[in-house]
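So the sequences go chain by chain: A and B.
Per the working numbering, the first sequence starts with residue 1, numbered consecutively.
Per the working numbering, the second sequence starts with residue 1, numbered consecutively.
One or more hints might be untrue.
Identical copies look the same in the list; a pair holds intra-copy or inter-copy alike.
[What the hints assert, rightly or not] Under the rule of at most 30 Å between Cα atoms (straight-line distance), these lysine-lysine pairs were calculated in the DSSO-like manner: (1) K83 <-> K189; (2) K321 <-> K94; (3) K195 <-> K245; (4) K94 <-> K35.
These are computed hints drawn from the structure, not numbers from a lab.
In this text the structure is predicted, and so the values were computed from the model without any measurement.
There are 2 protein chains.
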Amino acid sequence: MSERPIIAVDAMGGDFGPSVLVPGALEASRTDNLKVLLVGDTPRIEAVLAKSNLDGVDFDIVHAEEVVLMNEHPADVLRRKKKSSIQIGCRLVKDHVADAVVSAGHSGAAVACGMFIIGRLKGVERPALCTMLPTERTPVVLLDAGANVDCRPYHLFQFGLMGDAFARDILNYESPRVSILSIGEEEGKGNSQVKEAFDLLKGAKNLNFMGNAEGRDIFTGDLDVIVCDGFVGNIVVKMSEGMAKSLTHMLKRCFKSSIPAMLGALLAKGAFKSFRKTIDYAEYGGAPLLGLKNLAIVCHGRSNSLAMTNAIRMAGTFVRKKTVERLAETILANEELTRFSRSN
Amino acid sequence: MSERPIIAVDAMGGDFGPSVLVPGALEASRTDNLKVLLVGDTPRIEAVLAKSNLDGVDFDIVHAEEVVLMNEHPADVLRRKKKSSIQIGCRLVKDHVADAVVSAGHSGAAVACGMFIIGRLKGVERPALCTMLPTERTPVVLLDAGANVDCRPYHLFQFGLMGDAFARDILNYESPRVSILSIGEEEGKGNSQVKEAFDLLKGAKNLNFMGNAEGRDIFTGDLDVIVCDGFVGNIVVKMSEGMAKSLTHMLKRCFKSSIPAMLGALLAKGAFKSFRKTIDYAEYGGAPLLGLKNLAIVCHGRSNSLAMTNAIRMAGTFVRKKTVERLAETILANEELTRFSRSN
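Chain A on its own, in the form it takes in the complex (with noise of 0.2 Å):
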C-alpha cells in the first residue's frame, strides 16, 4: 500500500455526473494528499478537467465506456456491465491499483460489485451500508441502512462489531455507545430476530452495549452507533431526510405568516444557513459499505461537490488508519458467538 492512498472515484454515477464529481474529487485530493483515479467516460472527464484548477492534484483517468442506468437491476449490472465506471473501480480496488473505490451511482449496483468484486472479509456473510445521521451532539453512525433485507440475528450482531470499529477509528469516539433499534427500552422487547441479537452484543468482546435504542433516540446524540436490518435502516435513513425537509417547509411557511415573522426570518438569516448545515447529509460524504476486503463508499443520488469530497476523505482516513484490518480483529474476536448463533 503506498504511502498516499489512491482512491478510485466513480465519476460517471449520481444526478449530476462528472461536472460535480470530478471537482469533488480534486478538491480532496488537493487537501487531504490523495490520489484520485478518476473512472469514466475519457472526454467528459477531461472536459471538466480543462476548466478546473489542477494546481496541487495528483490524479490518472481510467476509461470506462458503460453507464450504469438508475432503472438496472443490481444483479444485471454485475453480470453484463463490465465496463462500467462501478465495475472498473471496483476491479482496481481487487487488483491493488487504488485503496478503495467512492461511487454516488446506482448504490445497489455499487453494493453488489463491492460485494462480489472486491470480496467479503473474511467470517462477514452480509457487509453493511453504515451512515452517518446529525444528532443534538455528535452524528450517530446506523448500519445497516439498506444493503440487507432480511438479516438473520447474527448479522446484526456484526453490524454492531464494525459499526463500533468504524465509530472508533474514523469518528475517534473512545468508546462507542452501541445500540440495537427496537421498540421499547427494555429488554426482551422487539422482534424475535431484534431480541436474540441483543443476547448476541451482549456477550460481545469490548463492546459498549447500552441495550435497546427507541426510534426517539435516534437524534438525542446519546447513542453513537444503533443496529437494525437493512429494511428499517433504509425507512429510518429516508425519512430522516424527508422529515428534515417537510419540517423545513413547514417552519418556512410559517414564517411567511406575519410581517414581523417575515422581518424576524430575516434577522436570523445565519442562524437558519447553520441550522441547515448541521442537518446537510454533504456534511457527512457517503455511507460505507463495512465489511469488505477493502473499501467501496457509496454515496448518495444527489451528491454535490462537498458530499464528493467528504466521502473521498473519509476513504482516505479508513485507508491511511488500515480500518479493515480493525473491522478484520473484532469479527475474528467474536467468531465463537457469530458461529453458535448461525448454527442454532
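Position chain B relative to chain A; hints supplied.
Then chain B, alone, in the frame of chain A:
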C-alpha cells in the same frame, strides 16, 4: 346505541392522571355533546370535579380500585388486574354501557384489554394501532403503530383496508391514497412480507392503492394512508416525535448564536408557535385500535388535556358515523383475498 355517544374514559392513565385527563374529558363532553364515564379512583376524580366548571357536561363516575403500573406485562394486567380502570373501561364497552373507551395508560395493556375484552371484528386477526402524523399538507394515517410486532402479509393487507375506511369516515378524505412502506418505489422492492402484501393491496376492492412508499414520502402530504408492521410503525412514530424535538432543539441553539438571530427569533415568536402547533401530537388526539367490535383509543402517555379532548371527540365521531360498520364491510368485501393469502 343512544343518540348521545357514551365514551368511557380511563381517568387514571398517563403521566398526569385525573388532574389533566378529567378536565380534557369534561371539555369534550361540553363541546361535542357526549356523555363521558370517568373510570378510576372516585375520591381523586371527585377532587378534580370539585374544582371544575360542570356547566353543560354529562358525566358519571365509575369506580376502579386498581391501577396499572407502567412496568407490568400486558398479559398480567389482563389476567390479574380485573379492577383496573382500563379493564373496567373495556368491559363497559363490551357490555354496551359505553360506545367506546379512551385510555392514556399503559398502551400495551390497553391493546391487550381491547383485543380480549372488547373482542375482534369478525375476520380480523390482528387489530392495528392507527396514528396520524403531521405532513406538509393534511395528516397521514400510519398503521400499525405498534400493536403487532410480527405480521403476515394478509395482516398488512387488512391494515390497509381499515386505514382506508378510517381515513374516509373520520378524516373525510374522499379517495384516500393508500401505500405500503418499503425501501424503493418500484413494484418488487421490499422484503418478502411487503412484496406479498403489495399484491394483495393491488387486488383489493375499491382501494386507491398507490404502491410502495419510501421513508422520504411520509411527510410530504402526497399520501393519506401508509401501511407497515408494528415493529417498523413503532420506530417511525417514535422517530418522528424524537426528530421533531431534536430539530427544534438544534434550531433553538442556532437562534441563540448571535444577537440578530435572537432578535429575529423574538419577532418570529408567533411563527414558531404555529409551527409547534402543526407538529404537536396533541392536536391529533390518540391512536384508535382498529379491528375491534367497538372502538378503543390509545393515547400517548404524555397526553395533556387537549390531547384527551381530541381523542374523545374522535371517539364520538367514530360512534356517530358508525365507522365500525364500515370497517366490517371492507373486511368482508375482501375476505376471499385474505383467505387465499392466509392458506398459502
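Structure-based check of all given hints:
{"no.": "1", "hint": "K83 <-> K189", "in the structure": "between (48 Å within a copy, 26 Å between copies)"}
{"no.": "2", "hint": "K321 <-> K94", "in the structure": "within (19 Å within a copy, 65 Å between copies)"}
{"no.": "3", "hint": "K195 <-> K245", "in the structure": "between (33 Å within a copy, 28 Å between copies)"}
{"no.": "4", "hint": "K94 <-> K35", "in the structure": "within (17 Å within a copy, 73 Å between copies)"}
Consistency with the previously given hints is maintained throughout, with no hint failing.
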